[in-house]
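As given, the protein sequences belong to chains A and B, one line each in that order. Taking our numbering, the leading residue of the first sequence gets 1, the next gets one more, and so forth. Taking our numbering, the leading residue of the second sequence gets 423, the next gets one more, and so forth.
FYI, nobody ran anything at the bench for these hints, they're computed from the structure. Just so it is clear, CB atoms sit at the ideal spot from N, CA and C, and this is done for glycine as well. Be aware that a few hints might be false.
Across the chosen pairs, the derived CB separations fall in these ranges [stated by the list, open to error]: (1) A:V90 with B:D624: 48 to 56 Å; (2) B:L478 with A:R130: 29 to 37 Å; (3) A:L134 with B:G492: 40 to 48 Å; (4) A:H61 with B:L454: 27 to 35 Å; (5) B:L570 with A:R130: 25 to 33 Å; (6) B:R540 with A:A251: 31 to 39 Å.
Just a few of them, taken from the derived set where beta-carbon distance is under 10 Å, the chain A residues facing chain B [what the hints assert, rightly or not]: (7) V9; (8) V90; (9) M121; (10) N126; (11) V150; (12) R194.
Next come the chains, spelled out residue by residue.
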Amino acid sequence: MKSLIVEGVSKRYWVPKAQKSVTAESRFDRIRNFFSVPLARELLGAQEVWALKEMSFDVEHGTVLGVVGGNGAGKSTLLKVIAKVIAPTVGRVRGKGRVVSLLELGAGFDDEATARENIFMNAAINGIPRTVVLERMNDIIDFAEIQEFVDTPLQYFSSGMYLRLAFSVAINMQPSILLADEILAVGDMSFQERCLQRVRELARDTGLTVLFVSHDMEAVSRICDRVIWVKDGTLHRAGEPEDVVTEYQNATWELLTSSEKPEDKGSSHAGRYGEILDVKLLSADGRVIGSPPRSEDVYVRIRFRTYRARTRARCAFDLFSKGVLVFRSAQPELVRVGADMAYEAVAKIPANLLSETTYTISVGVTLIRGEDEVHALVVNKALAFMVYRETREEVSGTLHRTGLIDPQLEWNLEVKQHAARG
Amino acid sequence: MPPVADVGAGAAGEWWEIEPRQHGAWERARELWRYRYLWWYFASDTMTSQFRRSKLGWVWLLLRVAGPVGLNAAVFGGMLGVESGGPPYFLFFLCGTTTWVLFERSLLFVTRSLERNRKLVTKVYFPRLILPMSAIAPGLLYLGILVLVMIATVIYYFRQEGVWYVTLRPELLAAVAAIGLSLLFTVAVGLWTSVLQARYRDIRYGLRYVMPFWMYFTPIIYPATAIPEKWRWLVALNPMAPIVELFKWGTLGQGHLTIPSMVTALVLIAITMISGIWFFNREEAASIDKL
Numbered sequence: 001m002k003s004l005i006v007e008g009v010s011k012r013y014w015v016p017k018a019q020k021s022v023t024a025e026s027r028f029d030r031i032r033n034f035f036s037v038p039l040a041r042e043l044l045g046a047q048e049v050w051a052l053k054e055m056s057f058d059v060e061h062g063t064v065l066g067v068v069g070g071n072g073a074g075k076s077t078l079l080k081v082i083a084k085v086i087a088p089t090v091g092r093v094r095g096k097g098r099v100v101s102l103l104e105l106g107a108g109f110d111d112e113a114t115a116r117e118n119i120f121m122n123a124a125i126n127g128i129p130r131t132v133v134l135e136r137m138n139d140i141i142d143f144a145e146i147q148e149f150v151d152t153p154l155q156y157f158s159s160g161m162y163l164r165l166a167f168s169v170a171i172n173m174q175p176s177i178l179l180a181d182e183i184l185a186v187g188d189m190s191f192q193e194r195c196l197q198r199v200r201e202l203a204r205d206t207g208l209t210v211l212f213v214s215h216d217m218e219a220v221s222r223i224c225d226r227v228i229w230v231k232d233g234t235l236h237r238a239g240e241p242e243d244v245v246t247e248y249q250n251a252t253w254e255l256l257t258s259s260e261k262p263e264d265k266g267s268s269h270a271g272r273y274g275e276i277l278d279v280k281l282l283s284a285d286g287r288v289i290g291s292p293p294r295s296e297d298v299y300v301r302i303r304f305r306t307y308r309a310r311t312r313a314r315c316a317f318d319l320f321s322k323g324v325l326v327f328r329s330a331q332p333e334l335v336r337v338g339a340d341m342a343y344e345a346v347a348k349i350p351a352n353l354l355s356e357t358t359y360t361i362s363v364g365v366t367l368i369r370g371e372d373e374v375h376a377l378v379v380n381k382a383l384a385f386m387v388y389r390e391t392r393e394e395v396s397g398t399l400h401r402t403g404l405i406d407p408q409l410e411w412n413l414e415v416k417q418h419a420a421r422g
Numbered sequence: 423m424p425p426v427a428d429v430g431a432g433a434a435g436e437w438w439e440i441e442p443r444q445h446g447a448w449e450r451a452r453e454l455w456r457y458r459y460l461w462w463y464f465a466s467d468t469m470t471s472q473f474r475r476s477k478l479g480w481v482w483l484l485l486r487v488a489g490p491v492g493l494n495a496a497v498f499g500g501m502l503g504v505e506s507g508g509p510p511y512f513l514f515f516l517c518g519t520t521t522w523v524l525f526e527r528s529l530l531f532v533t534r535s536l537e538r539n540r541k542l543v544t545k546v547y548f549p550r551l552i553l554p555m556s557a558i559a560p561g562l563l564y565l566g567i568l569v570l571v572m573i574a575t576v577i578y579y580f581r582q583e584g585v586w587y588v589t590l591r592p593e594l595l596a597a598v599a600a601i602g603l604s605l606l607f608t609v610a611v612g613l614w615t616s617v618l619q620a621r622y623r624d625i626r627y628g629l630r631y632v633m634p635f636w637m638y639f640t641p642i643i644y645p646a647t648a649i650p651e652k653w654r655w656l657v658a659l660n661p662m663a664p665i666v667e668l669f670k671w672g673t674l675g676q677g678h679l680t681i682p683s684m685v686t687a688l689v690l691i692a693i694t695m696i697s698g699i700w701f702f703n704r705e706e707a708a709s710i711d712k713l
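I would like the entire structure built from these sequences, with the hints used as guidance.
Rendered as structure tokens:
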């Protein structure tokens with residue numbers, strides 16, 4: 001049974017013609033623009049931008065549909081059309097039952113009103129009367145875990161509390177279709193987990209259909225039944241989560257690694273004494289790879305060349321994930337290098353150490369001439385990659401969370417003593 | 423969890439459809455009713471938000487209503503000696519200005535209703551028509567205050583001069599009708615201006631600019647009889663003129679009411695209203711893209 005049918009939906013926006021340069025606009029330009037002939041720019045016309053192009057798909061009753069895609073691909077526009085917030089330019093959307101949307105944190109909430117008032121208001125926006133809300137009040141408050149703060153204005157809420165309230169209100173409105181746009185990115189892990197589980201439960205038990213937009217591929221592949229990949233306003237791929245997510249990730253990382261030239265901010269990959277040629281990720285058999293499997297060793301290869309003789313070199317790299325330095329690793333000692341030679345340093349990252357998440361690597365090569373002439377070559381974000389897990393079976397449900405690393409530790413459980421009962 | 427009864431938007435199991443243009447006037451009217459809980463919310467929000475975080479709060483309301491009325495009455499009645507043609511000038515001015523203030527104040531709120539709620543409008547769906555319609559609430563508040571001032575003034579003149587200038591008689595219903603008409607006219611004009619304001623913020627400044635001129639073309643500070651005969655047709659094109667006169671006639675029993683001017687006003691209001699609803703429904707979606 002279908003619960004949502006999107007038929008050939010396109011959305012056109014008229015945007016003002018691009019200025020010559022946004023950043024170059026000085027204060028003087030702004031004043032001049034202000035005093036320019038009124039309406040002139042308006043009449044010079046706008047250009048059309050198609051945010052969605054002929055989008056068609058349908059969703060079965062009780063499905064959690066993941067929506068992935070880059071920024072500006074049209075994911076949010078799609079959800080807004082389904083939520084009826086914006087009208088499609090062409091096409092038609094048909095659906096069954098109440099649509100509740102969590103399009104943005106804080107939409108439909110008033111900061112200066114208390115949590116309780118906001119619950120009523122949000123219900124009103126969803127067309128639900130006070131009496132029904134009163135019945136649901138306790139469920140909403142309990143799930144959001146805000147018992148002590150029911151009568152506190154929302155401006156004093158932490159973003160986590162805000163999110164919990166918003167989510168709790170939404171799922172208690174008895175939606176048939178829930179639209180969640182990147183909403184779970186804010187909450188803490190345990191709440192995220194509860195939300196995802198609740199979404200799954202509702203999908204299974206009440207036939208709730210969920211459209212779940214997220215950049216968290218781990219969450220997408222865990223809770224979604226199907227995934228669609230939106231690219232440039234079109235439906236690029238649709239299918240099983242595993243397939244679409246893997247394909248999406250490969251495409252994304254290729255793009256990321258190829259577009260980021262070594263001359264990133266703060267980098268100085270070339271200097272007087274040498275230069276870093278490239279940084280690659282290799283598999284055990286020496287192939288250059290984009291995203292390594294967790295269960296295999298992976299090698300970081302740094303190639304550099306030197307210009308001067310009587311130099312000593314040491315390579316190092318920093319591994320970052322989620323903005324945190326996971327570790328720094330450096331060659332244990334300085335190595336003597338010659339003039340005009342190319343070198344290759346390889347560091348092995350053992351299997352089953354990295355977590356199933358995204359990492360970036362920044363590389364540094366220190367060149368020391370004589371006693372005190374120190375020169376550093378640096379490439380920030382030389383590599384970006386995602387570690388993936390080949391088998392999902394070994395992951396046991398909610399016990400699995402992605403930390404910065406995920407080493408395989410030795411566990412041991414043994415009987416120490418017979419505990420007397422009673 | 424007990425199931426939500428068959429109420430609210432898109433109640434359980436009902437198929438709905440989204441198309442580039444919404445159609446079905448009946449559908450939309452039903453929707454307005456389904457979302458009735460929102461009316462009060464927006465009405466109270468528009469009323470309270472204007473004085474939010476101010477220390478004097480509702481006192482500002484009194485000051486903002488009583489101040490200009492007192493000042494205008496003093497200047498025109500006292501200093502310039504404009505003739506009221508009967509009752510004390512202050513009462514005459516008060517009766518003339520009531521429907522006008524209701525119209526002027528409400529129209530500004532209605533015009534800004536979409537813009538003020540843009541954060542909500544661009545993120546959540548509800549029938550947008552609720553916004554301009556519930557934005558007349560602050561105007562009603564001003565009306566309430568003016569009526570209180572009016573009652574106090576009538577009692578004052580009774581004790582001073584022993585005359586009840588306003589008495590409880592059937593004609594008072596005409597005053598109520600005048601209030602209703604001025605609200606209708608506000609919403610009718612507001613349907614146009616609110617959508618336009620969402621696109622061009624000039625509308626609000628334009629309105630603020632036009633309003634004083636409009637006021638002088640309405641017999642508020644002077645009786646309608648003071649208008650030269652050859653210019654009366656111009657005033658007849660202004661629906662606010664008969665409305666103001668109707669209110670004065672209902673309260674003070676004095677006013678220059680002609681059937682043609684009244685009919686013209688009603689027709690004009692109806693035309694504005696119907697075209698306003700058409701325009702609002704047609705352009706609302708496109709305007710929200712630009713909010």
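Next on the checklist: If I claimed the Cβ atoms of L478 (chain B) and R130 (chain A) lie 29 to 37 Å apart, would that claim hold in this structure?
Outcome noted: Holds: the Cβ-Cβ distance is about 31 Å, inside 29 to 37 Å.
Checklist entry - Taking the closest Cβ pair, is V150 (chain A) under 10 Å from chain B? => result violated (19 Å)
Item to check | Pairwise beta carbon distance, R540 (chain B) to A251 (chain A), judged against the given window 31 to 39 Å | outcome: holds (36 Å)
Next on the checklist: Against the range 27 to 35 Å, how does the distance between the Cβ atoms of H61 (chain A) and L454 (chain B) compare: consistent or not?
Outcome noted: holds (30 Å)
Item to check | Cβ separation of L570 (chain B) and R130 (chain A), checked against the hinted range 25 to 33 Å | outcome: Cβ of L570 (chain B) to Cβ of R130 (chain A): about 31 Å, so the range 25 to 33 Å holds.
Checklist entry - Is the interface hint for V9 (chain A) satisfied, with its Cβ closer than 10 Å to some Cβ of chain B? => result holds (9 Å)
Checklist entry - Per the hint of 48 to 56 Å, is the separation of the Cβ atoms of V90 (chain A) and D624 (chain B) within bounds? => result violated (31 Å)
Next on the checklist: Quick check on the hint: V90 (chain A) CB to chain B CB, less than 10 Å?
Outcome noted: OK, holds: V90 (chain A) within 10 Å of chain B, min 6 Å.
Next on the checklist: Taking the Cβ atom of L134 (chain A) and the Cβ atom of G492 (chain B), is their distance within the range 40 to 48 Å?
Outcome noted: holds (46 Å)
Next on the checklist: Just to be careful: measuring from the Cβ of R194 (chain A) to every Cβ in chain B, is the smallest value less than 10 Å?
Outcome noted: Where the cut-off is 10 Å and the nearest Cβ of chain B is about 16 Å from R194 (chain A), the hint is violated.
Checklist entry - Regarding the hint that N126 (chain A) lies at the interface with chain B, is the smallest CB-CB distance below 10 Å? => result Hint holds; N126 (chain A) Cβ to chain B Cβ min 6 Å, cut 10 Å.
Checklist entry - Holds or violated: is the Cβ of M121 (chain A) closer than 10 Å to a Cβ in chain B? => result Cβ of M121 (chain A) sits 6 Å from chain B, so the hint holds.
Consistency note: the structure conflicts with the earlier hints numbered 1, 11, 12.
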